[in-house]
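Work the whole structure out from these sequences, hints included.
Just so you know, the sequences run in chain order A and B.
To convert, note that position 23 of the first sequence is 325 in the numbering used here; the numbers rise steadily by one, no gaps.
To convert, note that position 104 of the second sequence is 1267 in the numbering used here; the numbers rise steadily by one, no gaps.
I should point out that these hints are in silico values taken from the structure, not numbers from a laboratory.
All C-beta atoms, glycine included, are put in the ideal place defined by N, C-alpha and C.
It is possible that part of the hints are untrue.
[Stated by the list, open to error] Here are a few chain A residues that face chain B, going by a calculated C-beta distance under 8 Å:
no.: 1; residue: T382
no.: 2; residue: K454
no.: 3; residue: A455
no.: 4; residue: P458
no.: 5; residue: S516
no.: 6; residue: L517
no.: 7; residue: F518
no.: 8; residue: H519
Next come the chains, spelled out residue by residue.
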Amino acid sequence: MYYFVLEQAKNRWQAGFQNRIAAFLDDLQIVGEIAKANPIQKVEELCQLGLKKGYHTIVIIGTDTTISTLAALIAKQGATLGIVPIDPESSFYNLIGCTNWEQACLALPKRRVATFDMGQAGAERFFLTYVKIAPDKAKKPSQVLLEIADFKAEVPALSMTVANGPLGDADSELMRQGFSDSLLDIYVTTQVGQTNSSIISSIFKTEQKTTFSSLFHADRFRVSGLEQILNVLGPDDRILTKTPIEFSIVPSAIKVIIKKSSGVKAPVKHQ
Amino acid sequence: MAMFDQNKPVTKKVSETVVGVDVNLTGNLKSDGDIQINGKVKGEVDTKSDLFIGDQAVIEGSIKGKNVVVTGQVRGNLQALEDLEISPTGKVFGDLVTKNLIVKKGASFTGKSTMGENGKKELKPIYELEELKAKDHIKNS
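This is the structure:
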């Protein structure tokens, strides 16, 4: 039995989209209960309610921040997480081996489960895919101190990405194993490609290339802004917390339903 | 210098570490994967895989790797289990131990080189090496 948690719709379009997903799930005849968030009951409360009711699989239908927030609750209870991202650019598609919400729904009844690590930012924030670290307005790189294992690195950074797994399309088993390698990847960006100006980019909808100048890997590290306090942002750019902050990895933290043909050995076990 | 493009899939064989230009790193950098250094490092660099020292890199400390390519500056002893290449822009001030040594035209090398078996021979102070040679000489005679 699955317990489905839906975010509160922000507008009519989103409400309609949620209804489409609910109807699609209904067609798949997955037995379970659907709980929709509202101004009185937030998604966290609904998720905890589902866990209290004894559901072993909680399916989150929502944005990346909501999925990350609830994933931590689900991981603590040892339940299995099902994911239906509503953002077409969601970082979670990479994790579950799907490219759209329909595929994510279809993966649920087949129930192939993989165990993944979770990143921890500070004492309370957890993430499954990645977080970004950046100042409020970054026009030029600012000095950041990275303290990793036996070394300290002073790094000029426009922004940083702390990732639990690969950032590109994880279309192979080898690449998706990055989500269970007990390491966080730290990408440092010092510049955005100058091939297109932001105005031209916005007019012609061309993407600006982001280049990484440094890449580190660690199971635990600390980040401090030497010139200013930096924001720690979720994949959907919501501010989660601020620097200085310590990051760590929680190995084999959560069981996640993934696409059956995605080639991930399930469940992945660590020593 | 290889840069990472966010739009491209990140191919991860074993974790690769990249120290970018303008990075000042202090301490010991150890990795099982490849390391590419383009910035400044004060301390030991140790990898079981390959090590590339970029032309803007300045390293003060000892270095160990499987295959090592130096196109920047190194002040310290250098050990490569397989190949050690000093490129035309490379400058090494220190002793080398390697299986195969390649010094390109224009490269600068100040120190002592030892072609150890598989580059596994540990670097020892010069006086110890002299003593060992003397002992071998006595044995042979």
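Failing hints, ascending? 1
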